[in-house]
Amino acid sequence: MTDAALPTAPAVAGRSLWATALRRLMRNRAAMVSLVVLALYTLAGIVGPMVWPHDYATVYSNYVKVPASLTPYPRANTIVPGAERALARARVEVDTVDVAGETVTLGLTASREIDPRITRYLDRSDLFSNARIVETGDDGRSAVMEADIARLTFVFGTDSNGRDLAARILVSIRISLMIGALATGVALIIGVLYGATAGFLGGRIDGVMMRIVDVLYSLPFIFFVILLVVFFGRNVVLMFIAVGAVEWLDMARIVRGQTLSLRRREFVRAAEGLGVGPAAILRRHIIPNVLGPVIIFMTLLVPKVILLESFLSFLGLGVQEPLTSLGVLISEGARNMRNAPSMLIFPSLALTILLFALNFLGDGLRDALDPKDR
Amino acid sequence: MLRYAVRRLLGAIPTLFVIITLAFFLMRVAPGGPFDQERTLEPTVMANLNKAFHLDRPLYEQYAVYLGNLLRGDLGPSFVYRDFSVGELLGAGLPISMLLGACALLLALLVGGTLGIIAALKQNSTVDYLVIAVATFGITVPNFVVAPVLSLVFGVWLGILPAGGWEGAHPAYMLLPVITLALPQIAIVARLIRGAMLEALRSDHVRTARAYGLPARLVVIVHSLRGAALPVISYLGPAAAALLTGSVVVETIFGIPGIGRYFVQGALNRDYTLVMGTVVIVAVFVVLFNLAVDLLYAAIDPRVRYD
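Quick mapping for you: the protein sequence lines, in order, are chains A and B.
FYI, the numbering for the first sequence is 7 to 380, going by my numbering.
FYI, the numbering for the second sequence is 1198 to 1504, going by my numbering.
Pulled out of the complex, with its shape left as it was, chain A reads as follows (with noise of 0.2 Å):
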């Protein structure tokens, strides 16, 4: 038998890892469904609070607790008794008021002269906008004033303060996922450098370190982040740096447990032998190695830190008025339930379903990644 002999294999297009992976996430319902679900939340977080027709800190001083509803607000039968209440301190009397459509008449007296200021009464109300005088009478003791009656939605209701639920869920949303991309980003550079230098150099360095670490460990966790609040103060973007710099233990141990494995195997062995140095080993070799179950750790780390978040908002320990997140929400509706339930449910249901999601989207990429670990 000779070399020519030989059937030419026909060229088989390989598929790399990572190839494989996304094809066996793509499979996985629960993760491409979290992962529209994410999207769709990244977008609220990131153009929410600039389309939403509300903003997060505005205070509608008329509108306190208002249940949620699709309809407009002011309901027609406030219509008079507001506008009755906006005028009160005006000095005039209010004989009339005639709604129509979307507009307010009303037929004004007084004692005195009537100031044409007064439009401001009016327009300082959250119920009304553009007050105008339309007609004066000939002593000036009379007057017809209009104004437009301001429609406003609030379709998840408003807080405590009159602000609009639905603006300050999309600014937290923004807040929520910011912290978890920052602390996970942090704890991802301390882990995977201190895991992989750990596990590269091995021997009594490796031992030292790892102590480090386990001393890290044993401390009380919400102890280390309340002392990170104390010592930062009240500022969250540092305080998530910190949370990050403290999140990193259990990725480093991850690395370093992968490398120490890696530096064993023939593959680096060989590397070594032609002559690599190890910073292109931890490059070539080391690093693309360790990066699925990197990767693995950080989609579960990114609802943890968000859940930290949350739980110190709740404390009151995190983000701090006028800015809000999910937490402080969910804080404020619990002390609220009673009277304004809206203001519980809501934020509750944002934070459950980001969770979910972000849940499920870590658990599919670790099927996909390591299917031997189902």
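Treat the hints loosely; a few may be bogus.
[As the list claims (entries may be wrong)] Pairwise CB distance ranges, derived in the manner of DEER restraints:
(1) L1355(B) to S67(A): 51 to 61 Å
(2) H1367(B) to Y223(A): 36 to 46 Å
(3) L266(A) to R1204(B): 26 to 36 Å
(4) A1369(B) to T77(A): 34 to 44 Å
(5) A1289(B) to M184(A): 34 to 44 Å
(6) V57(A) to A1244(B): 56 to 66 Å
(7) V105(A) to T1237(B): 24 to 34 Å
Derived by calculation from the structure, the hints in this document are not laboratory data.
Cβ atoms here follow ideal geometry from the backbone N, Cα and C, with glycine treated the same way.
Knowing the structure of chain A, use the given hints to seat chain B on it.
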């Protein structure tokens, strides 16, 4: 076994020492002090207060005094709750936290264990998927969502249970907090038991037991569950320590006078002795429960021997 336990307890002393030392100095390095108020106190008053609580002495001296008192079981006076010693505060709160935690633990084992076993026995059935869904829910939804929602639904809307408060160990006041505490544990226990049972049911000794014709119930409970219990026990060690020492969220939302709140409050108020007391209690619980886990291991798995 007894010698092993004693040796482990002695071995825990350095660990406790390191934790106490770290906590002591970290707490003191933090800016602020226990007597900081909105309105600053007169310097002489401040100096007198600091003197009364020995805060004017050098730090190492305070540390030595604290350690000495700790050895005699004296946790010192609270800086913020005047007229109370930390020992009194923890003594009043700990039984309540422990009671709730123990009930939650029991509930988690009973419900989570049952769910896990059923799911494993009927793998890939509707029941199995239902258990997995419940478990995912329990793990994902945080307790600071579960607690107010439960309180809202059962306490406010349905009005069948008190929305919060504490009237001694009255079952009605305990139910919602216990459920909140137990829910994530139920989920984790169910998951662990299910996974371990699936493995155990396929193992050789269970197949042998079946081949001998032993009744199915005996095979499941004695032969499979014994092996499946190991991962649950090693999870439950630290989890039990955390449960029994109280949860700040549950105690805040339901207004329960346990010790879970003291940790956060103490750290924020710079109530040094209170924080240290809580750290010591938690650390002791963790050490004890880890020891209990190791001893239980030996009791369940004859291959594990300590001498």
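Hints and how they fare:
Take L1355(B) and S67(A): their Cβ atoms lie about 33 Å apart, and the range 51 to 61 Å is violated. The beta-carbon spacing between H1367(B) and Y223(A), approximately 39 Å, falls within the hinted interval of 36 to 46 Å. Checked against the hint of 26 to 36 Å, the pair L266(A) and R1204(B) passes, with Cβ atoms roughly 30 Å apart. Range check, A1369(B) to T77(A): Cβ separation about 40 Å, and the 34 to 44 Å hint holds.
A C-beta distance of roughly 42 Å is found between A1289(B) and M184(A), which places it inside the suggested range of 34 to 44 Å. Separated by about 58 Å at the C-beta atoms, V57(A) and A1244(B) satisfy the suggested range of 56 to 66 Å. For V105(A) paired with T1237(B), a C-beta distance near 56 Å fails the hint of 24 to 34 Å.
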